[in-house]
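Visitor: Sequence:
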Amino acid sequence: MRKIVMLVCALLCAATSLYAASEDVSIEVPWGRISATLSQPTEGSDAAVLIVAGSGPTDRNGNSGLNLNTYAYKMLSDGLVKSGYAVLRYDKRAIGGSYLSPEDIPALTLDDYVEDAERCVAWLRAQGFARVYVAGHSEGGSIAIEVAERRRVTVDGLVLLAAPGYPMDQILMGQLSAQLMPAYIGLYVTAQSIIGKIKSGVDVAVEDIPQELLSLFHPTVQPFLRSSMQRDPCKMIAGCKVPILIITGGRDIQVSVANGTKLLAAAPDAQHVTFENMSHVLKDAPSSDRVEQLLSVYTNSQQELTPGLVSTIVEFLNVK
152 MRKIVMLVCA
162 LLCAATSLYA
172 ASEDVSIEVP
182 WGRISATLSQ
192 PTEGSDAAVL
202 IVAGSGPTDR
212 NGNSGLNLNT
222 YAYKMLSDGL
232 VKSGYAVLRY
242 DKRAIGGSYL
252 SPEDIPALTL
262 DDYVEDAERC
272 VAWLRAQGFA
282 RVYVAGHSEG
292 GSIAIEVAER
302 RRVTVDGLVL
312 LAAPGYPMDQ
322 ILMGQLSAQL
332 MPAYIGLYVT
342 AQSIIGKIKS
352 GVDVAVEDIP
362 QELLSLFHPT
372 VQPFLRSSMQ
382 RDPCKMIAGC
392 KVPILIITGG
402 RDIQVSVANG
412 TKLLAAAPDA
422 QHVTFENMSH
432 VLKDAPSSDR
442 VEQLLSVYTN
452 SQQELTPGLV
462 STIVEFLNVK
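The sequence shown maps to residues 152 to 471 in our numbering.
Hint data in this document are derived by calculation from the structure and do not stem from the laboratory. Some hints here could point you the wrong way.
[To be verified] Only pairs whose alpha carbons sit at most 30 Å apart, straight line, appear in this in silico BS3-like list of lysine-lysine:
#1 K413 <-> K392
#2 K413 <-> K350
#3 K392 <-> K348
[Stated by the list, open to error] Across the chosen pairs, the derived CB separations fall in these ranges:
#4 V357 <-> G248: 28 to 34 Å
#5 L217 <-> P333: 24 to 30 Å
#6 L446 <-> E466: 29 to 35 Å
Ideal Cβ placement from N, Cα and C applies to all residues, glycine included.
Start from the sequences, fold in the hints, and give me the full structure.
Guide: Structure, rendered in structure tokens:
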């Protein structure tokens with residue numbers, strides 16, 4: 152009996168060592184507080200990874216109220232912590248626990264998100280982490296690139312997960328083409344016109360936006376879209392002076408592998424790894440069919456991340 156008890160205790164201790172010591176933290180900023188979760192190996196670490204979420208109301212776990220339920224960022228965090236890295240994942244401004252007054256939301260721009268990511272990096276430095284990496288997913292990849300390019304805070308490397316290599320207007324047109332062409336060509340042409348106006352600085356009135364496109368181009372989000380469209384990820388990444396890992400998925404229905412190829416051409420010292428079956432949400436998909444993915448992998452909180460994804464990131468981080 153005593154041997155069984157000792158064996159159970161040993162197993163429990165081994166299991167405990169695999170899990171993170173996680174705590175919710177608040178980072179004080181001029182507009183309020185960034186709500187985040189800091190996870191660390193029980194033995195501690197001198198290196199931390201900041202996870203920057205993708206577009207829309209995607210929270211620190213990789214979920215949103217828009218039928219996105221993946222827990223991809225939580226899974227990524229757990230994998231990195233088990234490999235010896237601390238991880239800070241946070242709700243971007245006006246999302247989840249990072250409350251922003253509703254009247255201030257229409258004024259949000261991508262610059263605000265970049266500044267908040269910089270504040271998170273500075274906070275990690277203040278906690279004593281000697282090395283800080285930024286892992287940005289999708290739009291978060293663009294934010295990560297700009298944090299490194301501006302160099303207002305020091306980062307030790309970038310992990311770009313399904314990050315765009317083209318300006319936002321081109322990304323949007325590509326995504327809309329896949330959804331609307333050829334059946335809804337009229338709606339596609341209207342979207343093209345709206346995007347052109349927003350990028351050029353012209354506000355588009357709500358009555359001039361078809362109902363099918365209203366959530367995408369509502370006047371309250373046009374300042375954010377405009378600020379995003381002014382940026383060229385390739386020009387920014389060319390100015391980054393840190394190690395960079397670019398990761399793309401062969402079955403990504405939102406950001407194609409060509410985006411990673413374009414980023415690599417602008418930053419030839421970077422690494423580019425493509426996982427053949429990986430979808431945009433960092434999990435393998437059975438096919439590249441959009442509807443099938445949205446109904447399955449985008450809503451599957453139990454499916455694990457693409458095999459090899461975490462180990463590839465860890466191998467990159469381990470090169471000091």
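Visitor: With reference to the structure, classify each hint as holding or not holding.
Guide: Each hint tested on the structure:
1. K413 <-> K392: holds, 18 Å
2. K413 <-> K350: Holds. K413 to K350 sits at ~22 Å (cutoff 30 Å).
3. K392 <-> K348: violated, 34 Å
4. V357 <-> G248: 28 to 34 Å: holds, 30 Å
5. L217 <-> P333: 24 to 30 Å: For P333 against L217, whose Cβ atoms are near 26 Å apart, the range 24 to 30 Å holds.
6. L446 <-> E466: 29 to 35 Å: For E466 against L446, whose Cβ atoms are near 33 Å apart, the range 29 to 35 Å holds.
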